[in-house]
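Q: Protein chains in written order, with my numbering: chain A, 7 to 315; chain B, 1053 to 1166.
It should be emphasised that the hints constitute simulated quantities derived from the structure, not laboratory data.
It is possible that some hints are incorrect.
Unchecked claim - Taking CB as the label site, the calculated pair distances span: (1) A:Asn125 / B:Arg1141: 56 to 62 Å; (2) A:Ala92 / B:Leu1159: 23 to 29 Å; (3) A:Val128 / B:Ala1138: 33 to 39 Å; (4) A:Glu79 / B:Lys1099: 17 to 23 Å.
Stated by the list, open to error - One-sided excerpt, in silico: chain B residues whose CB lies under 10 Å from chain A: (5) Met1081; (6) Gly1083; (7) Ala1087; (8) Tyr1106; (9) Pro1107; (10) Arg1111; (11) Ser1125.
Each residue gets a CB set at the ideal place from its N, CA and C atoms; glycine is no exception.
What follows is each chain in one-letter form.
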Amino acid sequence: MLPTAKKLEAIVRSLVQRLFFLVRRGRVVRELDEELQFHFAMQRDALSADGAAPDEASAAARKRLGGTLRIREQATHVWSWRPLEAVFQDVRYAARLLRRQPRFVAAALATLALGIGANTAVFSLVDAMMLKPLPFRDADRLVVLHASRPQQGMSQIPLSYLNFVDLHQRAHAFESLAAWTTTTTPIEGRQGPEQVQAALATAGLFHVLGVSPLLGRTFVADEDRRGAAPVTLIGESLWQRSFGRDPAIVGTQLLIHGRAHEVVGVLPAGFASRPSHAIPSSGSQLARRRSTACSTPAASTCSSPSDGA
Amino acid sequence: MGSKDKSRAELLPGTLEMLILKTLSIETMHGYGIAQHIQKISAEVLKVEEGSLYPALQRMLLKGWVTAEWKTSANNRRARYYKLTAAGRKQLGIEESNFSQIFAAILRVLRATS
């Protein structure tokens, strides 16, 4: 065990030093040159001291100069990493050849760019639509309910609120049901009024989706009844943008459509990033809007739209 | 290539590094000093060519047996001084004992009379 570890250490060290050499080859060569110059200067001194004529001494030194290159070559070879250098050489050679064929290179690059681009685009789409699970708990048990009128060839019709109420009361195929729709509302933030995207939802939506708030709570039962105290949840991005991530936001009042709503919680960005900055709950308001989608974890699996609507 | 092989052939393979290690175990020295020391002690029998010496020193740097440092030499020139590391000292011990064994073995063969 120990010798193996030692061997490994030596291999790693030599690898690191060789990689280092690739970067600082110039310095190694310079140092070596200076070292050899010193060596030959010392030899010249020794020759002169032995009584050789200065001419003779420098001739001998000149003769050495050819040797310098050879020695440098051999000494730096010690560091080099032949497989890698060979690869570099091949790459350089290929680059030189390609430079002589600019039109071919352009065509090849364009082909590659188009191919890679198209692949990436298609994959992103497939990934978002089919591969990535929804960012909710038990995403595979969530279904969206639509109405359909096969006789008129219409499908995926948003449910009306009354249909939702019927389903909610009578359909047993689902563990729970919730409805929501999106809208835009003016709010009075700390930086003055602004128009934001909002979702209107039944109280049970966050329970259905399994979303837990960053701060505070989500809606509780009956908060979507007419006459309940007005409450709202804000999304993380709105919280950050308009309230500077103030942790004391919960319990304060937020003016929505000129009416004070108590902020009861902050929703995580993953849930509330795009569709809804502010989420005032409301139930019967949904009745006035036709676009109501219902998400449900099915008790059995997704066995059911035929159950009611 | 051919000249490289010749310069190597002057010493048994690996012995140059051992001699350098031995020299540096006495004192920190620059390349020229190492060559001079080996030549002087061996009574000029062993000539160390620059072409073998400097590649060997680079090899030993790479293996971590020696470290190098630029200093001013006795005659006021900048020279690169090599110093033995602990690993180098250990390697010297290994090489000396290997060499003694091989040398003794060669002698036994040469002196055999039957």
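Q: Work down the list of hints and note, for each, if the structure agrees.
A: Hint-by-hint comparison with the structure:
no. : hint                             : in the structure
1   : A:Asn125 / B:Arg1141: 56 to 62 Å : holds (59 Å)
2   : A:Ala92 / B:Leu1159: 23 to 29 Å  : violated (44 Å)
3   : A:Val128 / B:Ala1138: 33 to 39 Å : violated (60 Å)
4   : A:Glu79 / B:Lys1099: 17 to 23 Å  : holds (21 Å)
5   : Met1081                          : violated (12 Å)
6   : Gly1083                          : holds (6 Å)
7   : Ala1087                          : holds (8 Å)
8   : Tyr1106                          : holds (5 Å)
9   : Pro1107                          : holds (4 Å)
10  : Arg1111                          : holds (5 Å)
11  : Ser1125                          : holds (7 Å)
Violated hints for the displayed structure, listed by number in ascending order: 2, 3 and 5.
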